[in-house]
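Visitor: Sequential numbering from 152 applies to the sequence shown in this note's numbering.
It should be emphasised that the hints constitute simulated quantities derived from the structure, not laboratory data.
These numbers were taken from a predicted model, which means no experiment stands behind them.
Accuracy of the hints is not assured; some may be wrong.
[Claimed, not checked] Each computed DSS-like pair below joins lysine-lysine, with the alpha-carbon atoms no more than 27 Å apart: (1) Lys-480 - Lys-427; (2) Lys-461 - Lys-601; (3) Lys-427 - Lys-459; (4) Lys-416 - Lys-480.
[Claimed, not checked] Now the in silico label distances, taken between C-beta atoms and shown as ranges: (5) Asp-196 - His-506: 22 to 30 Å; (6) Asp-417 - Asn-210: 18 to 26 Å; (7) Ala-575 - Pro-440: 40 to 48 Å.
Beta carbons are placed, not taken as given, at the ideal position from N, Cα and C, and that holds for glycine.
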Amino acid sequence: MRTLLLVAALAAAAPVAAQPISSDLADARAGGGCYPTALAPSVLDMLVLINPEWAPIVNGQTVDSDPVPVSGTVESMHGQTSGDFPSTHLFSDVVMDVRVDPEHANKVATGNGEPDIIAFEWEVGAFPEWAWPGFGDRIYGLGRHIFDCGHPDATAGHCSVTTATACVLDPDCPAGETCEGEHFGYSSEIHPPHATAVIRQGRGAVLSKKASAKPVPATIADVWVSGFGGGAGDRCVLAHQPSEAGQLTIDCWPLAEPVAKINAKDFTFTVPLPPKPAGAGKPRWRVLPPPPSNDATAVNGGRTARLKVKKRMQGSTPSLEVTVKMTKKVKGGLPTGFAGRLVAGWNDKHASLTHVRVTVSAILVENDLMRATPVVPRTCSTADTPCATDGDCPAGESCFGEGPVEGWAAQSAANGEWRRFIGAALDRVGDGDVIAQSTTWDQYLASDGKLRIQADAYAKDCIDTTYGHPLSEGVAHLGLVKGILCLGSGTSHPAGKIDVTYPGPDFGAGSGTQTYETESTGGEGGRCSITTDTLCVVNEDCPSGETCATTGGAFRLRYTIEKVS
152 MRTLLLVAAL AAAAPVAAQP ISSDLADARA GGGCYPTALA PSVLDMLVLI
202 NPEWAPIVNG QTVDSDPVPV SGTVESMHGQ TSGDFPSTHL FSDVVMDVRV
252 DPEHANKVAT GNGEPDIIAF EWEVGAFPEW AWPGFGDRIY GLGRHIFDCG
302 HPDATAGHCS VTTATACVLD PDCPAGETCE GEHFGYSSEI HPPHATAVIR
352 QGRGAVLSKK ASAKPVPATI ADVWVSGFGG GAGDRCVLAH QPSEAGQLTI
402 DCWPLAEPVA KINAKDFTFT VPLPPKPAGA GKPRWRVLPP PPSNDATAVN
452 GGRTARLKVK KRMQGSTPSL EVTVKMTKKV KGGLPTGFAG RLVAGWNDKH
502 ASLTHVRVTV SAILVENDLM RATPVVPRTC STADTPCATD GDCPAGESCF
552 GEGPVEGWAA QSAANGEWRR FIGAALDRVG DGDVIAQSTT WDQYLASDGK
602 LRIQADAYAK DCIDTTYGHP LSEGVAHLGL VKGILCLGSG TSHPAGKIDV
652 TYPGPDFGAG SGTQTYETES TGGEGGRCSI TTDTLCVVNE DCPSGETCAT
702 TGGAFRLRYT IEKVS
(Lines of atoms letter the chains of each structure in order from A; the text may use other names.)
(Lines give C-alpha, C1' and ligand atoms only; values in the text may rest on other atoms or scores of the structure.)
Protein backbone atom coordinates (compact mmCIF):
# COMPACT_ATOMS: atom_id res chain seq x y z
CA MET A 152 0.00 0.00 0.00
CA ARG A 153 2.89 2.42 0.79
CA THR A 154 4.19 1.93 -2.77
CA LEU A 155 0.76 2.72 -4.22
CA LEU A 156 0.50 5.94 -2.20
CA LEU A 157 3.96 7.07 -3.34
CA VAL A 158 3.19 6.39 -7.00
CA ALA A 159 -0.16 8.18 -6.72
CA ALA A 160 1.44 11.21 -5.04
CA LEU A 161 4.13 11.47 -7.72
CA ALA A 162 1.49 11.19 -10.45
CA ALA A 163 -0.53 13.99 -8.87
CA ALA A 164 2.54 16.25 -8.74
CA ALA A 165 3.70 15.57 -12.31
CA PRO A 166 2.90 17.99 -15.16
CA VAL A 167 -0.37 16.97 -16.82
CA ALA A 168 0.69 17.72 -20.44
CA ALA A 169 -0.97 14.96 -22.47
CA GLN A 170 -0.28 12.24 -19.93
CA PRO A 171 -3.20 10.04 -18.85
CA ILE A 172 -4.52 10.22 -15.31
CA SER A 173 -3.35 7.41 -13.05
CA SER A 174 -6.36 5.27 -12.20
CA ASP A 175 -4.66 4.45 -8.89
CA LEU A 176 -5.69 7.95 -7.78
CA ALA A 177 -9.30 6.75 -7.56
CA ASP A 178 -8.50 4.56 -4.54
CA ALA A 179 -9.84 6.09 -1.31
CA ARG A 180 -6.58 5.13 0.43
CA ALA A 181 -4.79 7.49 -1.98
CA GLY A 182 -7.31 10.28 -1.43
CA GLY A 183 -9.77 9.27 -4.14
CA GLY A 184 -13.44 8.55 -3.76
CA CYS A 185 -13.65 4.87 -4.81
CA TYR A 186 -13.54 1.85 -2.52
CA PRO A 187 -12.07 -1.31 -4.09
CA THR A 188 -12.95 -4.82 -2.96
CA ALA A 189 -10.62 -7.63 -1.92
CA LEU A 190 -9.73 -10.64 -4.07
CA ALA A 191 -11.85 -12.92 -1.90
CA PRO A 192 -15.46 -12.35 -2.96
CA SER A 193 -17.99 -11.08 -0.42
CA VAL A 194 -21.77 -10.87 -0.55
CA LEU A 195 -21.45 -7.12 0.09
CA ASP A 196 -18.99 -6.46 -2.76
CA MET A 197 -21.57 -4.84 -5.02
CA LEU A 198 -22.69 -2.54 -2.21
CA VAL A 199 -19.07 -1.47 -1.74
CA LEU A 200 -18.66 -0.70 -5.44
CA ILE A 201 -21.70 1.60 -5.55
CA ASN A 202 -20.77 3.46 -2.35
CA PRO A 203 -20.37 5.70 -4.27
CA GLU A 204 -20.63 4.47 -7.85
CA TRP A 205 -18.95 7.60 -9.23
CA ALA A 206 -16.43 9.97 -7.63
CA PRO A 207 -14.84 13.20 -8.91
CA ILE A 208 -11.32 12.82 -10.24
CA VAL A 209 -10.31 15.99 -8.38
CA ASN A 210 -11.17 15.93 -4.65
CA GLY A 211 -12.73 12.51 -4.90
CA GLN A 212 -13.87 12.45 -1.27
CA THR A 213 -16.39 15.20 -2.01
CA VAL A 214 -19.55 15.18 -4.11
CA ASP A 215 -19.22 18.62 -5.66
CA SER A 216 -16.89 19.18 -8.61
CA ASP A 217 -16.30 21.84 -11.22
CA PRO A 218 -17.50 21.04 -14.75
CA VAL A 219 -14.84 19.92 -17.21
CA PRO A 220 -15.00 20.33 -21.03
CA VAL A 221 -14.06 17.49 -23.39
CA SER A 222 -14.50 17.23 -27.16
CA GLY A 223 -13.83 14.57 -29.75
CA THR A 224 -15.34 12.16 -32.25
CA VAL A 225 -17.88 9.48 -31.38
CA GLU A 226 -16.39 6.06 -32.13
CA SER A 227 -19.45 4.11 -30.97
CA MET A 228 -22.54 4.61 -28.85
CA HIS A 229 -25.65 2.89 -27.60
CA GLY A 230 -28.98 4.08 -26.31
CA GLN A 231 -31.31 2.27 -23.93
CA THR A 232 -29.94 -1.24 -23.39
CA SER A 233 -30.45 -1.81 -19.64
CA GLY A 234 -27.50 -3.34 -17.75
CA ASP A 235 -26.81 -0.58 -15.20
CA PHE A 236 -27.22 -0.89 -11.44
CA PRO A 237 -30.91 -0.13 -10.92
CA SER A 238 -30.96 1.58 -7.51
CA THR A 239 -28.64 4.32 -8.83
CA HIS A 240 -30.44 4.83 -12.16
CA LEU A 241 -33.92 5.82 -13.24
CA PHE A 242 -33.12 4.42 -16.70
CA SER A 243 -29.98 2.88 -18.14
CA ASP A 244 -27.29 5.14 -19.57
CA VAL A 245 -26.72 6.36 -23.08
CA VAL A 246 -23.02 5.55 -23.53
CA MET A 247 -20.86 7.40 -26.06
CA ASP A 248 -17.25 6.30 -26.57
CA VAL A 249 -15.43 9.44 -27.67
CA ARG A 250 -11.98 9.63 -29.24
CA VAL A 251 -10.82 12.84 -27.62
CA ASP A 252 -9.17 15.74 -29.37
CA PRO A 253 -5.40 15.92 -28.61
CA GLU A 254 -5.81 18.79 -26.16
CA HIS A 255 -8.07 16.58 -24.01
CA ALA A 256 -5.85 13.49 -23.89
CA ASN A 257 -5.06 14.33 -20.26
CA LYS A 258 -8.72 13.75 -19.33
CA VAL A 259 -8.33 10.02 -20.07
CA ALA A 260 -7.24 7.63 -17.30
CA THR A 261 -4.84 4.70 -17.50
CA GLY A 262 -7.78 2.36 -16.94
CA ASN A 263 -9.72 3.52 -19.99
CA GLY A 264 -8.51 0.71 -22.25
CA GLU A 265 -7.42 3.01 -25.06
CA PRO A 266 -5.22 6.05 -24.42
CA ASP A 267 -7.50 8.52 -26.18
CA ILE A 268 -11.01 7.14 -25.56
CA ILE A 269 -13.33 8.45 -22.86
CA ALA A 270 -17.00 7.65 -22.30
CA PHE A 271 -19.71 10.27 -22.04
CA GLU A 272 -22.65 8.77 -20.12
CA TRP A 273 -26.05 10.29 -19.43
CA GLU A 274 -29.27 8.52 -18.48
CA VAL A 275 -31.96 7.83 -21.06
CA GLY A 276 -34.76 10.31 -20.51
CA ALA A 277 -32.49 12.86 -18.85
CA PHE A 278 -30.57 12.93 -22.15
CA PRO A 279 -33.23 13.24 -24.87
CA GLU A 280 -32.98 11.03 -27.94
CA TRP A 281 -32.77 13.89 -30.46
CA ALA A 282 -29.52 15.02 -28.79
CA TRP A 283 -27.85 11.59 -29.00
CA PRO A 284 -24.91 11.42 -31.42
CA GLY A 285 -24.40 9.07 -34.31
CA PHE A 286 -21.27 7.09 -35.06
CA GLY A 287 -18.63 9.46 -36.43
CA ASP A 288 -20.29 12.67 -35.23
CA ARG A 289 -18.23 15.21 -33.36
CA ILE A 290 -19.36 15.96 -29.83
CA TYR A 291 -18.62 18.61 -27.24
CA GLY A 292 -19.42 17.91 -23.61
CA LEU A 293 -19.23 19.81 -20.33
CA GLY A 294 -19.89 18.11 -17.02
CA ARG A 295 -18.73 15.87 -14.21
CA HIS A 296 -15.27 14.36 -14.77
CA ILE A 297 -15.35 11.23 -12.64
CA PHE A 298 -13.88 7.82 -11.95
CA ASP A 299 -16.30 4.92 -12.44
CA CYS A 300 -16.01 3.32 -9.00
CA GLY A 301 -18.15 0.34 -9.97
CA HIS A 302 -15.38 -1.22 -12.06
CA PRO A 303 -12.01 -1.34 -10.24
CA ASP A 304 -10.47 -3.78 -12.77
CA ALA A 305 -7.65 -4.40 -10.32
CA THR A 306 -4.28 -5.90 -11.19
CA ALA A 307 -3.19 -7.89 -8.16
CA GLY A 308 -0.02 -7.12 -6.28
CA HIS A 309 1.66 -9.30 -3.66
CA CYS A 310 1.79 -9.49 0.11
CA SER A 311 4.76 -7.78 1.76
CA VAL A 312 6.24 -10.93 3.36
CA THR A 313 4.51 -13.90 1.73
CA THR A 314 5.28 -12.47 -1.69
CA ALA A 315 3.82 -15.46 -3.53
CA THR A 316 0.38 -14.49 -2.22
CA ALA A 317 -1.60 -12.26 -4.58
CA CYS A 318 -3.57 -9.39 -3.12
CA VAL A 319 -5.50 -6.22 -3.85
CA LEU A 320 -6.14 -5.05 -0.28
CA ASP A 321 -4.29 -5.66 2.98
CA PRO A 322 -7.00 -8.08 4.22
CA ASP A 323 -6.02 -10.42 1.35
CA CYS A 324 -2.71 -10.97 3.19
CA PRO A 325 -1.82 -12.75 6.44
CA ALA A 326 -2.22 -10.66 9.59
CA GLY A 327 0.40 -7.95 9.94
CA GLU A 328 1.28 -7.84 6.23
CA THR A 329 0.40 -5.24 3.65
CA CYS A 330 -0.43 -5.48 -0.04
CA GLU A 331 2.17 -4.02 -2.39
CA GLY A 332 2.30 -3.40 -6.12
CA GLU A 333 -1.44 -3.50 -6.78
CA HIS A 334 -2.90 -1.26 -9.46
CA PHE A 335 -6.40 -0.27 -10.51
CA GLY A 336 -8.15 0.18 -13.83
CA TYR A 337 -10.90 2.63 -12.90
CA SER A 338 -11.98 4.46 -16.05
CA SER A 339 -12.44 8.21 -16.28
CA GLU A 340 -15.69 9.47 -17.78
CA ILE A 341 -17.76 12.57 -18.34
CA HIS A 342 -20.70 11.23 -16.37
CA PRO A 343 -22.98 12.93 -16.70
CA PRO A 344 -22.36 15.93 -18.88
CA HIS A 345 -24.80 18.75 -18.28
CA ALA A 346 -24.20 20.17 -21.76
CA THR A 347 -23.63 18.50 -25.12
CA ALA A 348 -23.41 19.69 -28.70
CA VAL A 349 -23.50 17.04 -31.42
CA ILE A 350 -22.09 18.16 -34.78
CA ARG A 351 -23.70 16.40 -37.77
CA GLN A 352 -22.31 16.75 -41.29
CA GLY A 353 -22.93 15.19 -44.71
CA ARG A 354 -26.50 16.45 -45.10
CA GLY A 355 -28.41 19.65 -45.77
CA ALA A 356 -30.89 22.06 -44.22
CA VAL A 357 -33.09 25.01 -45.11
CA LEU A 358 -31.29 28.14 -43.93
CA SER A 359 -33.85 30.70 -45.04
CA LYS A 360 -37.27 31.36 -43.51
CA LYS A 361 -38.77 31.94 -46.97
CA ALA A 362 -41.44 29.41 -47.87
CA SER A 363 -39.82 28.82 -51.26
CA ALA A 364 -36.31 28.35 -49.86
CA LYS A 365 -34.35 25.32 -51.02
CA PRO A 366 -32.09 23.17 -48.83
CA VAL A 367 -28.34 23.68 -49.11
CA PRO A 368 -25.39 21.71 -47.71
CA ALA A 369 -25.22 22.47 -44.00
CA THR A 370 -23.74 21.48 -40.68
CA ILE A 371 -26.25 20.70 -37.94
CA ALA A 372 -25.56 21.15 -34.23
CA ASP A 373 -28.04 19.61 -31.79
CA VAL A 374 -27.54 21.23 -28.38
CA TRP A 375 -28.89 20.19 -24.97
CA VAL A 376 -28.09 21.80 -21.62
CA SER A 377 -29.85 20.58 -18.48
CA GLY A 378 -29.20 20.32 -14.76
CA PHE A 379 -30.98 16.98 -14.51
CA GLY A 380 -28.35 14.25 -14.68
CA GLY A 381 -30.31 11.26 -13.41
CA GLY A 382 -28.90 9.21 -10.56
CA ALA A 383 -25.27 10.00 -11.40
CA GLY A 384 -26.06 13.69 -11.01
CA ASP A 385 -27.88 13.56 -7.67
CA ARG A 386 -26.30 14.30 -4.28
CA CYS A 387 -28.20 11.59 -2.42
CA VAL A 388 -27.03 8.88 -4.82
CA LEU A 389 -23.45 10.21 -4.94
CA ALA A 390 -22.91 10.55 -1.18
CA HIS A 391 -20.65 7.93 0.44
CA GLN A 392 -22.48 6.02 3.19
CA PRO A 393 -20.59 5.22 6.41
CA SER A 394 -21.30 1.51 5.92
CA GLU A 395 -22.21 -0.62 2.93
CA ALA A 396 -25.38 -1.72 4.74
CA GLY A 397 -26.55 1.87 4.46
CA GLN A 398 -27.24 1.19 0.78
CA LEU A 399 -30.02 -1.15 1.91
CA THR A 400 -31.87 1.58 3.79
CA ILE A 401 -31.26 4.84 1.94
CA ASP A 402 -34.03 6.05 -0.39
CA CYS A 403 -33.07 8.69 -2.96
CA TRP A 404 -36.20 8.42 -5.11
CA PRO A 405 -37.62 10.62 -6.47
CA LEU A 406 -34.38 12.45 -7.15
CA ALA A 407 -34.37 15.93 -5.63
CA GLU A 408 -30.75 17.11 -5.21
CA PRO A 409 -29.10 17.80 -8.60
CA VAL A 410 -25.42 18.73 -8.32
CA ALA A 411 -24.67 19.98 -11.84
CA LYS A 412 -23.09 23.45 -11.82
CA ILE A 413 -24.81 24.51 -15.01
CA ASN A 414 -24.18 28.23 -14.41
CA ALA A 415 -20.51 27.91 -13.42
CA LYS A 416 -19.28 28.60 -16.95
CA ASP A 417 -20.51 29.15 -20.48
CA PHE A 418 -20.60 26.24 -22.94
CA THR A 419 -18.64 26.84 -26.14
CA PHE A 420 -18.31 24.65 -29.23
CA THR A 421 -17.24 24.92 -32.87
CA VAL A 422 -19.48 24.35 -35.89
CA PRO A 423 -17.37 23.74 -39.02
CA LEU A 424 -19.00 25.09 -42.16
CA PRO A 425 -19.40 22.96 -45.30
CA PRO A 426 -17.15 23.83 -48.26
CA LYS A 427 -17.82 27.34 -49.55
CA PRO A 428 -19.45 27.30 -52.99
CA ALA A 429 -18.25 29.63 -55.74
CA GLY A 430 -19.79 33.06 -55.48
CA ALA A 431 -21.07 32.62 -51.93
CA GLY A 432 -20.86 35.58 -49.59
CA LYS A 433 -21.14 35.42 -45.83
CA PRO A 434 -22.09 32.23 -43.98
CA ARG A 435 -25.65 31.88 -42.79
CA TRP A 436 -27.09 30.16 -39.78
CA ARG A 437 -30.42 29.62 -38.18
CA VAL A 438 -31.50 28.47 -34.71
CA LEU A 439 -34.44 26.05 -34.74
CA PRO A 440 -36.37 24.11 -32.11
CA PRO A 441 -35.25 20.50 -31.57
CA PRO A 442 -36.59 17.99 -34.10
CA PRO A 443 -39.80 16.10 -33.25
CA SER A 444 -39.09 13.72 -30.39
CA ASN A 445 -40.61 11.35 -27.86
CA ASP A 446 -38.39 12.97 -25.20
CA ALA A 447 -38.08 16.49 -23.79
CA THR A 448 -37.67 19.31 -26.30
CA ALA A 449 -38.04 22.19 -23.83
CA VAL A 450 -35.79 23.53 -21.10
CA ASN A 451 -36.40 22.51 -17.49
CA GLY A 452 -37.29 25.63 -15.52
CA GLY A 453 -38.30 27.68 -18.54
CA ARG A 454 -35.35 30.13 -18.82
CA THR A 455 -33.53 29.40 -22.06
CA ALA A 456 -29.96 30.63 -22.36
CA ARG A 457 -28.98 33.00 -25.14
CA LEU A 458 -26.54 32.03 -27.88
CA LYS A 459 -23.54 34.04 -29.03
CA VAL A 460 -22.21 33.19 -32.50
CA LYS A 461 -18.83 34.35 -33.85
CA LYS A 462 -17.57 33.78 -37.38
CA ARG A 463 -14.11 32.22 -37.63
CA MET A 464 -13.18 32.52 -41.31
CA GLN A 465 -9.41 32.00 -41.03
CA GLY A 466 -7.77 28.68 -41.77
CA SER A 467 -8.68 25.85 -44.11
CA THR A 468 -12.10 25.20 -42.51
CA PRO A 469 -14.21 28.29 -41.83
CA SER A 470 -16.40 27.78 -38.79
CA LEU A 471 -18.71 29.33 -36.24
CA GLU A 472 -17.79 29.60 -32.58
CA VAL A 473 -21.02 29.16 -30.64
CA THR A 474 -21.40 29.94 -26.95
CA VAL A 475 -24.40 29.06 -24.81
CA LYS A 476 -24.40 31.94 -22.31
CA MET A 477 -25.18 30.01 -19.14
CA THR A 478 -23.59 32.70 -16.92
CA LYS A 479 -25.72 35.57 -18.27
CA LYS A 480 -29.10 36.27 -16.69
CA VAL A 481 -32.31 35.87 -18.67
CA LYS A 482 -35.54 37.52 -17.49
CA GLY A 483 -34.01 38.36 -14.13
CA GLY A 484 -32.48 34.97 -13.39
CA LEU A 485 -29.76 32.66 -14.55
CA PRO A 486 -30.74 30.35 -17.42
CA THR A 487 -31.94 26.86 -16.60
CA GLY A 488 -30.76 25.24 -19.83
CA PHE A 489 -30.92 25.20 -23.59
CA ALA A 490 -32.59 22.98 -26.18
CA GLY A 491 -32.24 23.61 -29.87
CA ARG A 492 -30.79 22.91 -33.28
CA LEU A 493 -28.42 25.27 -35.08
CA VAL A 494 -28.03 24.84 -38.84
CA ALA A 495 -25.22 26.62 -40.70
CA GLY A 496 -23.96 26.88 -44.26
CA TRP A 497 -23.79 29.17 -47.29
CA ASN A 498 -26.27 30.50 -49.80
CA ASP A 499 -25.91 28.25 -52.83
CA LYS A 500 -28.38 28.76 -55.66
CA HIS A 501 -26.85 25.82 -57.54
CA ALA A 502 -27.26 23.32 -54.69
CA SER A 503 -29.08 20.13 -55.65
CA LEU A 504 -30.03 17.91 -52.72
CA THR A 505 -32.47 15.02 -52.59
CA HIS A 506 -35.20 15.18 -49.97
CA VAL A 507 -35.34 11.69 -48.46
CA ARG A 508 -38.01 10.71 -45.95
CA VAL A 509 -37.70 7.61 -43.76
CA THR A 510 -40.72 6.31 -41.87
CA VAL A 511 -40.56 3.40 -39.44
CA SER A 512 -44.02 1.87 -39.25
CA ALA A 513 -43.60 -1.31 -37.19
CA ILE A 514 -41.44 -3.68 -35.19
CA LEU A 515 -42.17 -7.31 -36.03
CA VAL A 516 -41.36 -9.64 -33.15
CA GLU A 517 -39.97 -13.03 -34.18
CA ASN A 518 -39.07 -14.16 -30.63
CA ASP A 519 -40.29 -12.29 -27.57
CA LEU A 520 -37.23 -13.56 -25.62
CA MET A 521 -39.32 -14.31 -22.55
CA ARG A 522 -38.16 -17.37 -20.62
CA ALA A 523 -40.63 -20.19 -20.11
CA THR A 524 -39.99 -19.95 -16.36
CA PRO A 525 -39.15 -16.51 -14.94
CA VAL A 526 -35.79 -16.06 -13.23
CA VAL A 527 -37.57 -15.05 -10.03
CA PRO A 528 -41.11 -16.44 -10.16
CA ARG A 529 -43.56 -15.04 -7.63
CA THR A 530 -43.81 -17.70 -4.92
CA CYS A 531 -44.34 -18.00 -1.17
CA SER A 532 -41.14 -17.52 0.82
CA THR A 533 -41.10 -20.99 2.41
CA ALA A 534 -43.81 -23.09 0.77
CA ASP A 535 -42.53 -22.02 -2.67
CA THR A 536 -46.06 -22.18 -4.07
CA PRO A 537 -47.28 -19.67 -6.69
CA CYS A 538 -48.77 -16.47 -5.29
CA ALA A 539 -49.85 -12.98 -6.22
CA THR A 540 -49.94 -11.41 -2.74
CA ASP A 541 -48.97 -12.33 0.82
CA GLY A 542 -52.58 -13.38 1.33
CA ASP A 543 -52.05 -16.33 -1.02
CA CYS A 544 -49.36 -17.77 1.28
CA PRO A 545 -49.50 -19.67 4.58
CA ALA A 546 -49.60 -17.53 7.71
CA GLY A 547 -46.28 -15.81 8.41
CA GLU A 548 -44.95 -16.19 4.88
CA SER A 549 -44.38 -13.50 2.24
CA CYS A 550 -44.99 -13.57 -1.49
CA PHE A 551 -41.63 -12.83 -3.12
CA GLY A 552 -40.58 -12.53 -6.76
CA GLU A 553 -41.49 -10.71 -9.94
CA GLY A 554 -42.94 -13.24 -12.35
CA PRO A 555 -42.97 -12.80 -16.15
CA VAL A 556 -41.62 -9.52 -17.53
CA GLU A 557 -43.09 -8.96 -20.97
CA GLY A 558 -41.86 -5.53 -22.07
CA TRP A 559 -39.38 -4.44 -24.72
CA ALA A 560 -37.39 -1.26 -25.40
CA ALA A 561 -36.15 -0.27 -28.85
CA GLN A 562 -34.72 2.62 -30.83
CA SER A 563 -33.82 3.44 -34.41
CA ALA A 564 -31.76 6.04 -36.26
CA ALA A 565 -31.48 7.59 -39.70
CA ASN A 566 -27.97 8.90 -40.32
CA GLY A 567 -27.27 8.90 -36.59
CA GLU A 568 -30.39 10.80 -35.54
CA TRP A 569 -31.99 8.54 -32.92
CA ARG A 570 -35.58 8.04 -31.82
CA ARG A 571 -36.89 5.77 -29.08
CA PHE A 572 -39.97 3.70 -29.76
CA ILE A 573 -42.99 4.23 -27.55
CA GLY A 574 -46.48 2.90 -26.91
CA ALA A 575 -48.37 0.61 -24.56
CA ALA A 576 -47.87 -2.31 -26.96
CA LEU A 577 -44.20 -2.40 -25.93
CA ASP A 578 -45.22 -3.21 -22.34
CA ARG A 579 -46.60 -6.63 -23.30
CA VAL A 580 -44.74 -8.19 -26.21
CA GLY A 581 -45.42 -11.67 -27.57
CA ASP A 582 -44.11 -13.90 -30.35
CA GLY A 583 -45.43 -12.75 -33.71
CA ASP A 584 -46.57 -9.32 -32.55
CA VAL A 585 -46.55 -6.45 -35.02
CA ILE A 586 -46.01 -3.32 -32.93
CA ALA A 587 -47.07 -0.23 -34.83
CA GLN A 588 -44.86 2.86 -34.76
CA SER A 589 -44.90 6.18 -36.58
CA THR A 590 -41.44 7.69 -36.59
CA THR A 591 -40.27 9.91 -39.45
CA TRP A 592 -36.99 11.51 -40.45
CA ASP A 593 -36.45 14.04 -43.24
CA GLN A 594 -32.94 14.21 -44.69
CA TYR A 595 -31.49 16.38 -47.47
CA LEU A 596 -28.69 14.43 -49.12
CA ALA A 597 -26.21 14.98 -51.95
CA SER A 598 -26.34 12.46 -54.80
CA ASP A 599 -23.05 10.91 -53.66
CA GLY A 600 -24.19 10.73 -50.03
CA LYS A 601 -25.68 7.82 -48.13
CA LEU A 602 -28.56 6.89 -45.87
CA ARG A 603 -27.74 4.70 -42.88
CA ILE A 604 -30.56 2.95 -41.01
CA GLN A 605 -29.85 1.50 -37.56
CA ALA A 606 -32.04 -0.12 -34.93
CA ASP A 607 -31.69 -2.25 -31.84
CA ALA A 608 -34.00 -3.67 -29.20
CA TYR A 609 -33.98 -5.72 -26.03
CA ALA A 610 -36.45 -7.73 -24.01
CA LYS A 611 -36.77 -6.62 -20.40
CA ASP A 612 -36.36 -8.94 -17.45
CA CYS A 613 -36.48 -8.75 -13.68
CA ILE A 614 -33.78 -6.09 -13.33
CA ASP A 615 -35.75 -3.65 -15.48
CA THR A 616 -38.58 -3.59 -12.93
CA THR A 617 -36.23 -2.25 -10.24
CA TYR A 618 -34.84 0.89 -11.91
CA GLY A 619 -35.57 4.06 -9.98
CA HIS A 620 -36.33 2.25 -6.73
CA PRO A 621 -34.26 1.92 -3.54
CA LEU A 622 -32.68 -1.43 -2.73
CA SER A 623 -34.92 -1.69 0.34
CA GLU A 624 -37.98 -1.72 -1.89
CA GLY A 625 -36.45 -4.43 -4.06
CA VAL A 626 -35.74 -6.60 -1.02
CA ALA A 627 -39.30 -6.11 0.25
CA HIS A 628 -40.74 -7.11 -3.13
CA LEU A 629 -38.32 -9.83 -4.20
CA GLY A 630 -36.79 -11.07 -0.96
CA LEU A 631 -33.04 -10.99 -0.37
CA VAL A 632 -32.17 -14.24 -2.19
CA LYS A 633 -34.37 -13.51 -5.20
CA GLY A 634 -33.17 -9.91 -5.21
CA ILE A 635 -29.56 -11.05 -5.59
CA LEU A 636 -30.65 -13.49 -8.31
CA CYS A 637 -32.53 -10.71 -10.10
CA LEU A 638 -29.41 -8.51 -10.18
CA GLY A 639 -27.17 -11.35 -11.33
CA SER A 640 -29.32 -13.42 -13.70
CA GLY A 641 -32.43 -11.36 -14.36
CA THR A 642 -30.77 -9.09 -16.88
CA SER A 643 -32.22 -7.98 -20.20
CA HIS A 644 -32.01 -9.97 -23.44
CA PRO A 645 -30.59 -8.26 -26.56
CA ALA A 646 -32.82 -8.79 -29.58
CA GLY A 647 -30.14 -8.01 -32.16
CA LYS A 648 -29.21 -5.00 -34.27
CA ILE A 649 -29.93 -3.62 -37.71
CA ASP A 650 -27.34 -1.57 -39.58
CA VAL A 651 -27.83 -1.07 -43.33
CA THR A 652 -26.66 1.67 -45.68
CA TYR A 653 -28.34 2.81 -48.90
CA PRO A 654 -26.09 4.84 -51.24
CA GLY A 655 -27.19 7.70 -53.46
CA PRO A 656 -28.53 8.74 -55.78
CA ASP A 657 -31.74 6.84 -54.91
CA PHE A 658 -30.92 6.05 -51.22
CA GLY A 659 -32.98 2.88 -51.33
CA ALA A 660 -36.13 4.63 -52.55
CA GLY A 661 -35.96 3.06 -56.02
CA SER A 662 -38.14 4.93 -58.46
CA GLY A 663 -39.76 6.90 -55.65
CA THR A 664 -40.84 4.80 -52.65
CA GLN A 665 -39.69 1.46 -51.28
CA THR A 666 -40.77 -0.44 -48.15
CA TYR A 667 -38.41 -2.85 -46.37
CA GLU A 668 -38.58 -5.44 -43.62
CA THR A 669 -35.03 -5.90 -42.37
CA GLU A 670 -34.19 -8.66 -39.90
CA SER A 671 -31.92 -7.98 -36.96
CA THR A 672 -28.69 -9.91 -36.56
CA GLY A 673 -27.08 -11.14 -33.37
CA GLY A 674 -28.64 -11.03 -29.96
CA GLU A 675 -30.20 -13.82 -27.94
CA GLY A 676 -32.93 -16.33 -28.73
CA GLY A 677 -33.28 -19.26 -31.05
CA ARG A 678 -35.00 -22.63 -31.41
CA CYS A 679 -34.82 -25.88 -29.49
CA SER A 680 -32.39 -28.39 -30.98
CA ILE A 681 -34.95 -31.13 -31.78
CA THR A 682 -38.39 -29.53 -31.44
CA THR A 683 -37.33 -26.74 -33.77
CA ASP A 684 -40.75 -25.12 -33.82
CA THR A 685 -40.25 -24.18 -30.16
CA LEU A 686 -38.69 -20.77 -29.57
CA CYS A 687 -36.27 -20.41 -26.67
CA VAL A 688 -33.86 -18.15 -24.83
CA VAL A 689 -32.02 -20.65 -22.60
CA ASN A 690 -31.76 -24.45 -22.54
CA GLU A 691 -34.36 -24.68 -19.78
CA ASP A 692 -36.99 -23.38 -22.22
CA CYS A 693 -36.71 -26.62 -24.22
CA PRO A 694 -37.92 -30.18 -23.52
CA SER A 695 -35.62 -32.30 -21.35
CA GLY A 696 -32.40 -33.29 -23.13
CA GLU A 697 -32.59 -30.52 -25.71
CA THR A 698 -30.58 -27.34 -25.97
CA CYS A 699 -31.45 -23.88 -27.21
CA ALA A 700 -29.64 -23.25 -30.50
CA THR A 701 -29.07 -19.49 -30.59
CA THR A 702 -29.85 -17.89 -33.93
CA GLY A 703 -30.45 -14.29 -32.88
CA GLY A 704 -32.51 -12.05 -35.12
CA ALA A 705 -35.42 -11.68 -32.71
CA PHE A 706 -37.11 -8.81 -34.58
CA ARG A 707 -37.59 -7.20 -37.96
CA LEU A 708 -37.99 -3.50 -38.70
CA ARG A 709 -40.54 -2.29 -41.23
CA TYR A 710 -39.71 1.06 -42.78
CA THR A 711 -40.32 3.05 -45.93
CA ILE A 712 -37.82 5.20 -47.82
CA GLU A 713 -39.31 7.90 -50.01
CA LYS A 714 -37.85 10.50 -52.34
CA VAL A 715 -39.97 13.60 -51.75
CA SER A 716 -40.43 15.78 -54.79
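Visitor: What are the numbers of the hints the structure violates, in ascending order?
Guide: 1, 2, 5 and 7
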